[in-house]
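Sequences are here, hints too, so could you generate the full structure?
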Amino acid sequence: DVKVTQSSRYLVKRTGEKVFLECVQDMDHENMFWYRQDPGLGLRLIYFSYDVKMKEKGDIPEGYSVSREKKERFSLILESASTNQTSMYLCASSFIEPGGEQYFGPGTRLTVT
Amino acid sequence: SQQGEEDPQALSIQEGENATMNCSYKTSINNLQWYRQNSGRGLVHLILIRSNEREKHSGRLRVTLDTSKKSSSLLITASRAADTASYFCATDWRGTYKYIFGTGTRLKVLA
Numbered sequence: 034d035v036k037v038t039q040s041s042r043y044l045v046k047r048t049g050e051k052v053f054l055e056c057v058q059d060m061d062h063e064n065m066f067w068y069r070q071d072p073g074l075g076l077r078l079i080y081f082s083y084d085v086k087m088k089e090k091g092d093i094p095e096g097y098s099v100s101r102e103k104k105e106r107f108s109l110i111l112e113s114a115s116t117n118q119t120s121m122y123l124c125a126s127s128f129i130e131p132g133g134e135q136y137f138g139p140g141t142r143l144t145v146t
Numbered sequence: 024s025q026q027g028e029e030d031p032q033a034l035s036i037q038e039g040e041n042a043t044m045n046c047s048y049k050t051s052i053n054n055l056q057w058y059r060q061n062s063g064r065g066l067v068h069l070i071l072i073r074s075n076e077r078e079k080h081s082g083r084l085r086v087t088l089d090t091s092k093k094s095s096s097l098l099i100t101a102s103r104a105a106d107t108a109s110y111f112c113a114t115d116w117r118g119t120y121k122y123i124f125g126t127g128t129r130l131k132v133l134a
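Respectively, the protein sequence lines represent chains E and W.
Residue 34 is where the first sequence starts when you use my numbering, and the numbers rise one by one after that.
Residue 24 is where the second sequence starts when you use my numbering, and the numbers rise one by one after that.
A portion of the hints provided could be inaccurate.
To be verified - To be clear about the criterion: a stretch of chain W counts as covered by chain E if any three or more of its residues have a C-beta under 8 Å from a C-beta of chain E, and this derived list gives those stretches:
| hint | stretch |
| --- | --- |
| 1 | 45-58 |
| 2 | 61-75 |
| 3 | 108-120 |
| 4 | 125-132 |
FYI, nobody ran anything at the bench for these hints, they're computed from the structure.
We put the CB at the ideal spot given by N, CA and C, even for glycine.
So this is what it looks like as structure tokens:
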């Protein structure tokens, strides 16, 4: 079975802190994605990566950066956390084919106080 | 971005009844997918239908796709309490790696 893991299920951080969210997949997927999910807004794409060291901005990249140094690992970085970044963060991965099935991690619920 | 929309936003039915939810999208697609999300968890892939397909079945799930109307429906037959979840449709974005998710239908199945 494909497994996508995220480093934390729940995280509480203070405003201004630098926050790292880690995602690891074990299926040798080329594509990896970071979404945030907010009530009434559905899933919104923050960043995605289609290869090691390659990244592209999604719909809401402001305030975020990403790192993909190894194929299996995709990190989301909140440079200076703000309260409006309180949300559920979901990582996903897929094979190279555009529009193919995505496999999601369990999510990280981040609260910024 | 071009968000998809699910309809209805929420649905409550009795166990054993069928549940139908709809998805509309705005651009041409290569395929459309349906996902389920249990409360507070990640999404689980249910079914993928390609743009040249009109109907697809998987167990108690039946998906239809009408590309002329840019819409899809998901039918869950003989629903169970365990089907209680949010359901999302997702489409590819103009053949790129990007996915566009709808805002979801919250289904509640009463035992």
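Here's how the hints hold up against the structure:
1. 45-58: Contact hint for the stretch 45-58 of chain W vs chain E: holds, 5 residues under 8 Å.
2. 61-75: holds (count 7)
3. 108-120: holds (count 7)
4. 125-132: holds (count 3)
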